Amino acid sequence: MAGQSENISRSELWGGNGSPFRISYGKQWMWMFLVSDALTFGGLLTAYGFARHQAPSWPIGEETFNAMPFLGNGYPLLYVALMTFILIVSSVTMVLAVEAGHRLDKKGVVKWLLLTVVGGLFFVGSQGWEWYHFIHGTHYGSILTSEGWAVVDYNTANELILRMGRGLTVTGLEAKALFDGATATMQGANLIENEYAPLVPQYANFFFFITGFHGFHVFSGVVFNFIILVNVIRGVYDKRGHYEMVEKVGLYWHFVDLVWVFVFTFFYLL
Amino acid sequence: MERDDLIQDNNYSVSANHDEAHGVLIRKKIWKVTGILTLITVIEVLIGAFIKQYDAAGDDNFLWPYVKVGFLVLTIVKAAYIVLIFMHLGDERKSFKWVILAPYILFIAYLIFICLAESTYWHEVFQGENSINP
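Quick note, the sequences are listed as chains A and B, same order.
Everything in the first sequence is counted per the working numbering, starting at 1 for the first residue and increasing by one.
Everything in the second sequence is counted per the working numbering, starting at 1 for the first residue and increasing by one.
Just so you know, the hints here were simulated from the structure itself, not pulled from any lab data.
All values reported here derive from a predicted model rather than from experimental measurement.
A few of these clues could be false.
Distance condition first, Cα-Cα at most 30 Å in a straight line; then the derived DSS-like pairs of lysine-lysine [unchecked claim]:
{"#": "1", "chain 1": "B", "residue 1": "68", "chain 2": "B", "residue 2": "97"}
{"#": "2", "chain 1": "B", "residue 1": "28", "chain 2": "B", "residue 2": "52"}
{"#": "3", "chain 1": "B", "residue 1": "29", "chain 2": "A", "residue 2": "111"}
{"#": "4", "chain 1": "B", "residue 1": "32", "chain 2": "A", "residue 2": "111"}
{"#": "5", "chain 1": "B", "residue 1": "28", "chain 2": "A", "residue 2": "107"}
For reference, chain A alone in the conformation it holds in the complex (with noise of 0.2 Å):
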């Protein structure tokens, strides 16, 4: 584990009798494809800063993500704090079953990688569940007041609420009197409108491209991860005598993890 105190010398390392950078070929160049897909990721997170940067508002994190399954509204934050949690802990499974490798310890990979590729496809799931969530909007939508857009929401006491935009709200009677006077509904999300921010309609296709470009970065994960696990399961590392092939996927898999917590602080945090 000690890459940087091994001491060799320049004409060794650059003799071309092996990697100068004592890298294998195969990892190596799993590392310039994460460099690259990276760049892929930077440019859509720095666009998306660019449009909501110029916007004049934004919707809340907290306001549109407050959903759990089964459990309704009022959870801000609660269920992708949970699917963040989940992605980590099966990062953490999967240098686990790297660190099992490198003792050639085949049942210990194999306890690991599975539960690696049960904690993606529990992730996958719910990001299922939170796009079908943002497409129908199980909010009561959006309505046009003559104040503007606002969007609908009711209290616990089941007292309607209207949502101005920065923090806003109106209740009481003036929100009756707002409510019965609109001109226009608004349902859900698509890649036209979007209850969420009216006004700002690339709100949705942003969030539809990134964290679909994410989700499928963590499906084709979990696909090389269970192709690699039937691979340990059949014993063709055993026999090479090394896993670096679990090593291999497992940047693939921390690297998908890694752009979820950007994704999380940029699109549910701030």
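On the provided structure of chain A, position chain B as indicated by the hints.
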């Protein structure tokens, strides 16, 4: 740079096999980092759920700019732990570390700078009018 499926004796130090005693140390580190990442996520969610972006009058909460910077710092700390410990980039040779990190950081820093500068300008041009739905 051999084809890895042909590597007979994999002795690049980071990928080399290790014994159980060494494994115990590595696992201890992994669980420690797990704790740190979980703790940071919990802190982030608590801040996100309890500190509001706007006050009762709809004005900016004076705390919010600090919260924003705090979120960014916590995110980068998390990312650093994942890249350096879980992906073992911290254990690779220094030359490789910089081959991976330096071009990326340079390019993204530049991209963020031009996008924020440009969008600040557009924000001022439209001054509250929405740019896409005029």
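Verification of the supplied hints:
1. B:68 to B:97: holds (29 Å)
2. B:28 to B:52: Measuring from Cα to Cα gives roughly 38 Å; hence the hint is violated.
3. B:29 to A:111: holds (20 Å)
4. B:32 to A:111: At roughly 21 Å apart (the allowed maximum being 30 Å), residue 111 (chain A) and residue 32 (chain B) satisfy the hint.
5. B:28 to A:107: Roughly 20 Å separates the two Cα atoms, so the pair holds.
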